[in-house]
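Enquirer: Residue numbers (my numbering), protein chains in the order written: chain A, 1 to 114; chain B, 1 to 111.
For the record, the hints were derived by calculation from the structure and aren't laboratory data. What you are looking at is a predicted structure, and each value in this text was computed from that prediction instead of being measured. In this text, a Cβ means the ideal position worked out from N, Cα and C, and glycines have one as well. Heads up, a few of these hints could be off.
Here are the simulated distance ranges between beta carbons [claimed, not checked]:
hint, chain 1, residue 1, chain 2, residue 2, range
1, B, Gly9, A, Thr86, 17 to 27 Å
2, A, Glu95, B, Gly29, 39 to 49 Å
3, A, Ser83, B, Glu16, 38 to 48 Å
4, B, Gly9, A, Arg22, 24 to 34 Å
5, B, Phe18, A, Asn28, 37 to 47 Å
Under the rule of at most 20 Å between Cα atoms (straight-line distance), these lysine to any residue pairs were calculated in the SDA-like manner [as the list claims (entries may be wrong)]:
hint, chain 1, residue 1, chain 2, residue 2
6, B, Lys95, A, Gly99
7, B, Lys52, A, Arg96
8, B, Lys95, A, Gly98
9, B, Lys52, A, Asp101
10, B, Lys56, A, Thr97
11, A, Lys57, B, Ser3
12, A, Lys57, B, Lys52
13, B, Lys103, A, Gly3
14, B, Lys95, A, Thr86
15, B, Lys52, A, Gly99
16, B, Lys95, A, Lys70
17, B, Lys103, A, Glu59
18, A, Lys70, A, Leu21
19, A, Lys57, B, Tyr30
20, B, Lys52, B, Tyr30
21, B, Lys95, A, Ser94
22, B, Lys95, A, Leu21
23, B, Lys95, B, Tyr66
Here is how the chains run, residue by residue.
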Amino acid sequence: DAGITQSPRHKVTETGTPVTLRCHQTENHRYMYWYRQDPGHGLRLIHYSYGVKDTDKGEVSDGYSVSRSKTEDFLLTLESATSSQTSVYFCAISERTGGEDTQYFGPGTRLTVL
Amino acid sequence: GNSVTQMEGPVTLSEEAFLTINCTYTATGYPSLFWYVQYPGEGLQLLLKATKADDKGSNKGFEATYRKETTSFHLEKGSVQVSDSAVYFCALRVKGTALIFGKGTTLSVSS
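Given these sequences and hints, build the entire structure.
Expert: Now the structure itself:
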């Protein structure tokens, strides 16, 4: 399972409140990613990181920020949650084997914004 | 740009039926292609992959062949089981870019 955990696994919050989701990995992978999964959209990339303090935006980054102060932790923050951010959030790492990068996913966090 | 198109579901089959889930792609450059599976309430798991034209990825009885001439990577299984019920995602990655997913196809297998 590539040693990825996410916390919390479920969260219900109210519009306008800040929310932080945590992704933790135990295998020292350099690349980490945050995706959101919505019906009819598949998975869409929010932000990714290519090292400590090195991050970049993905396809749907508006309203989200990230931080990576340690290799093992990648945090996703919703500064002021909105109902449109109700979704399932997945963290992933990238592992290189045989010259090819393959992504492995965490178990997900289901976020509901009321 | 890069994109993936999957057949829309849901796909409903009886146990032991033959499965095909179509996937076609558009890419600049030479992508690697992937199938991921998501069982109810779980995260995505890599099912199989292929990194160059004519490669065949296989795992757990599932197969997919990278067809450059038709830009396709169709998923097949000869005899599905109830335990195969899940959502299947086709994805591509061009080197140096992010993974691009299709919208997913829900498979439901009944006994």
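Enquirer: Among all the numbered hints in the text so far, which are the ones the structure does not match?
Expert: 2, 12, 13, 14, 16, 19 and 22
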